[in-house]
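Take each chain as given, in its own frame, and dock them per the hints.
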Amino acid sequence: MNTNTNVANQAMRAARPRRALVTPARIGIYAFLLVSSAFFLLPLYVMVVTSLKTSDEVRKAVLFAWPAVPQFSNWVEAWSSACIALACEGIQGGFWNSVRLVIPATVLSVFLGALNGYALSFWRSKWGDFLFAIMLLGAFVPFQVMIYPLVAWFRLGGFYNTYWAILLVHCIFGMPVLTLLFRNYYVAVPTELFKAARIDGGGFWRIFFQLMLPMATPMLIVATILQLTGIWNDYLFGLIFAGKDNHPMTVQLNNLVNTTFGERRYHIDMAATILTSLVPLLVYFFSGRWFVRGIAAGAVKG
Amino acid sequence: MASVNIESLDIVLGNVPILKDMSLSIADGEFLVLLGPSGCGKSTLLHTLAGFNDVASGSIRIGDRDVTWADPKDREIGMVFQSYALYPTMNVERNMSFGLRVAGVANDEIEKRVARAAAMLHLGELLKRRPAQLSGGQRQRVAIGRALVRDAKVYLFDEPLSNLDAKLRAELRRELKQLHLTLGATMIYVTHDQVEAMTLADRIAVMKNGEIQQVGTPDEIYMRPINLFVAGFLGSPTMNILRGKIGRGGAGPRFEGAVLATDLAGYPFREAPAEGREVVLGVRPEQVRISREVSAATPNAAKVAIVEPLGPQKIVWFECQGVLLSSIVDDQWVGAPGDAVAFGFDLPRASVFDAKSEARL
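For the protein sequence lines, the chains are A and B, in the order given. Sequential numbering of the first sequence, starting at 3, is according to my numbering. Sequential numbering of the second sequence, starting at 279, is according to my numbering.
Any given hint could turn out to be false.
[As the list claims (entries may be wrong)] No farther apart than 25 Å at their CA atoms in a straight line, the calculated lysine to any residue pairs in the SDA-like style are these:
#1 A/K197 - B/N293
#2 B/K351 - A/G205
#3 B/K455 - B/G415
#4 A/K197 - B/V290
No wet-lab data here; the hints were simulated from the structure. None of these values were measured; they are calculated from a predicted model.
Isolated chain B (complex conformation) (with noise of 0.2 Å):
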């Protein structure tokens, strides 16, 4: 087990720069979610880590270790990818061993660590298959056991979900969550999908265009983003968006829009913002109130567009003023398309940005 240090790190394949100037520190034990869309340099830069891609510059540290030019064997690292990569010739406890027999173990002790990964990942009566039969969810779970086995200082994971289906998505997703909280290492996780970071991650970085966007605890990333990007990748169904000025009221800033003018008053600006300021205001589903007690004096009259129930909530899509914007209800709610409703948004809890640097207010 041991930290990661990425110190302004520049990766350039062919003439492209893929990575610029990037940092990041990985605690000891820690299991860091990299999340973004494809073509956003995650799957280069952990493949830089485990020394597949050459470094322009900057330097990559494990442990107190430089392995910036080290050969990918001398890293210490297990390594998981996406479409398995299990030898095709060899059978589970062979493929699972064959580090080991590289690296000219002991035969006992390679039983033995075989065994042990074997029991934590219930591969016991596979050992003796080869990966083509195999199911999916299996020749994954060998792929993780194959790096189980190596003892590394820290696990790479490189979309290791994605070619499975759903409900196995989400089995794996548990073991490899336990799998964390059993042996305590540090693990680095490249994936696209907002589901696993937000469900393993002690920290999500989220990329875009080779560069970090923001680092932080699950719970920071979603209800504190740092900008407009971040804020619309994470979240199901997206931030509503709503874009307007700030304007001032008795109490402080207001939010005037053209669906809906609000007071800011409980919201945590960092800074005071200045009247006139073009921003967007983002609010989550859950944080749009909706109600059926609608009057002709109400402010906010809306119609519903469409609900998608989803057992234990629904999504209400409702129109206002030609703006359509989702809110989270719970399974009880009665409504159809057609409904008027009223509606209101959790406003300490939503976020503001600038409408030009697209940064958080």
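Okay, chain A solo, but in the shape it has when bound (with noise of 0.2 Å):
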């Protein structure tokens, strides 16, 4: 905090002589960032605009253009009775199949980041460092190599295709990035303090729970939006492990545009892409702010 009020004065002071406005190296950086808001921004604007056309206005082809009277039951509908091959109920059960699995998992794929970080940072045992760069490297090994051996396992332990085994792959999953933001993070709190907890008694879980824990809220809700938006957005785990009961969100979306009876329904489509993407797209809205700040003190106190 100090250091931050400093160099803000810093940058008061410097910017007195009055600097010309524009410059060409300015104009350049709001180029650029013109640019590649434009790039970002216009693919959500066709979306949005095209989920409110008719299937007239659609099949008109104008890209860009308003829809005369925006079309807002495209989205009810969307929710609630596009059909998925036989069943006509929208996407709503996959909303709530999302729901239903990304609170648990972005719970305790969080929880057990930051307790495996703990343990790691301060409860220095044997082999430690060792299991920590074992799951380093699972971090560096694409996922989609797993897939198979993982099904194997499930199948053998009989749950496979249920709520337990999708849960279960988003928090093996989550494990090697999550522990390694909180072991950062413990890294360089100051081992006195967890000495100062011991010689007070504290033991594993009291010095975890209330002290270690409550000191990482930064890292806790960083750890959070992640876990949230990576668990909401997957698709390929769902897919694989959920079983058709679970299939999260993702996959009833990609079921409702790939079904096909006669003619290509866009505007559908893209109403239940923007519902499906509405959680993420609210949890950056709201809290970007931590999530740079987040990232930014994990990443430079590593």
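Following this line, the structure appears as structure tokens:
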């Protein structure tokens, strides 16, 4: 905090001699910013516009045109009555499946990541560094490689294609990054703090729950955002491990889009897509500040 | 309250031996300071007493209990760290009461003890604040308070004042001394600051390279250092060092050096030194008298090089045959660089060391 204000003060002082507002560098920066925001925003604009059109308007193929009358009923239809194969219940089932999965998976994986990071940084055990190295290695192996062995194991264990399978998969694959994130955070915490708590009689769990977990609030927020959006956006694991009854929203969306009787209903597809991406979009919207701050903190402190 | 007994302790960290065969006894109610340069193993010793390092061999006893392998929480110690190590998410009151809450002490007892420690350390109005809202001095007070509420048998201090500015350091030093007088508890205090060591300690243990060089009262350590290292580590400016030989005079042994030759008759030798032995004469600046009454016949003629006024005193650095010596004089002394001076030593209070072994003679 202090250094922040210092830096700010210095910046204010340094800005005293009035600089020209328009310089070639500045023009370049703004041009770059405009182009890159257009690059990301235009597709979003097209999605929103298309999702509000009637099917006739879609067929005219004027991509950027605003609909004559915005059809919010498209969204309602995509939510509750669009047909996926033979069932015409929209993608609401997928939404609730995703919610049912994302919340426990996020809470569990963030908790385990924090626990790992805490144990690795403070309770130095003989094999701790070795295990950590293996776990990091896991982060670099493409996860597609592990899919088949996992399927085989889960089938052996008798819970392939169940809710527990998909929950477990998300926890496992979240572990390397989350552990790294928390370990780096805790490594920067002075060990004297831990020693003081040990003298005060704190054991493994008490020090974790009462001291280290509350201290890591910024990291907890970052990890939660990472997991929330990551698991919500996952398609492959959901398709492979969840089983038909637990298919998350992304899988349902794909099924909806790929169901073809007669004409393609792009406006409904777009509406469903927007509904599906609404959750991560909102998460980024409301927590972007925290997200950037946490990533920066985690990255620099490592 | 309890005594602490360390017996032939060896500590190895990684593969590096840090402490070798160390033995030390601390009496009940004593304030012992471990003093030494960084890397001498004093902090390692303290952290081992607290139970954070494994012991390779030897034993540690607190009171009549062997705690060599006990968990930190079972040693009945309180500890204060250099970095304060306050729990950042808890307010002052919860910081101080954390250990008591862990131990399951009744609420009214917790309140009583926190209130008592807070009163002792003037923390009354800060109880609801978080560590981030406190100044450095206040933080260290809280850290001390946190150790005090535990009613430990031994209190350990790991350079607690090093992160504070000079004024606060002096203030807290005085408070710590007062605290020790009030509580009469056993305290072990690690520092590299000789002023803290001298002012606080009942006894000082001077350490170097994992070995205790000398244990004694501050006066003993200062006035009768056991070797050149201890002599050089304490005192500011450092002791004046003159190299020379033992010679024979009329009354007894004489010191014969390049800068001066002088009679050592008044010096309490442990045993009479042989003639011709290489020795080092150590004289503290306050044992050096200088005079401006110089004549051509004055034997020890020297020139003032620098004068450093400290307020109540002045340090005069003067040069004699290429050797720079210091003397502490009172503030009334008048002189400037270039002035000729004569000097003499208060020899019975000086120290003579062997040139090779550097041990006191």
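Quickly compare the C-alpha distance for A/K197 and B/N293 to 25 Å and report which way the hint goes.
holds (23 Å)
Would you mind confirming whether the straight-line C-alpha gap from A/K197 to B/V290 stays at or under 25 Å?
Given that 25 Å is the threshold and the Cα spacing comes to 19 Å, the pair holds.
Regarding the pair B/K455 and B/G415, is the alpha-carbon distance no greater than 25 Å?
This hinted pair holds, its Cα atoms lying about 16 Å apart.
Take the C-alpha atoms of B/K351 and A/G205, compute the straight-line distance between them, and say whether it is at most 25 Å.
Given pair B/K351, A/G205 holds - Cα atoms ~9 Å apart, limit 25 Å.
Going down the numbered hints, you'll see the structure goes against none, and every one checks out.
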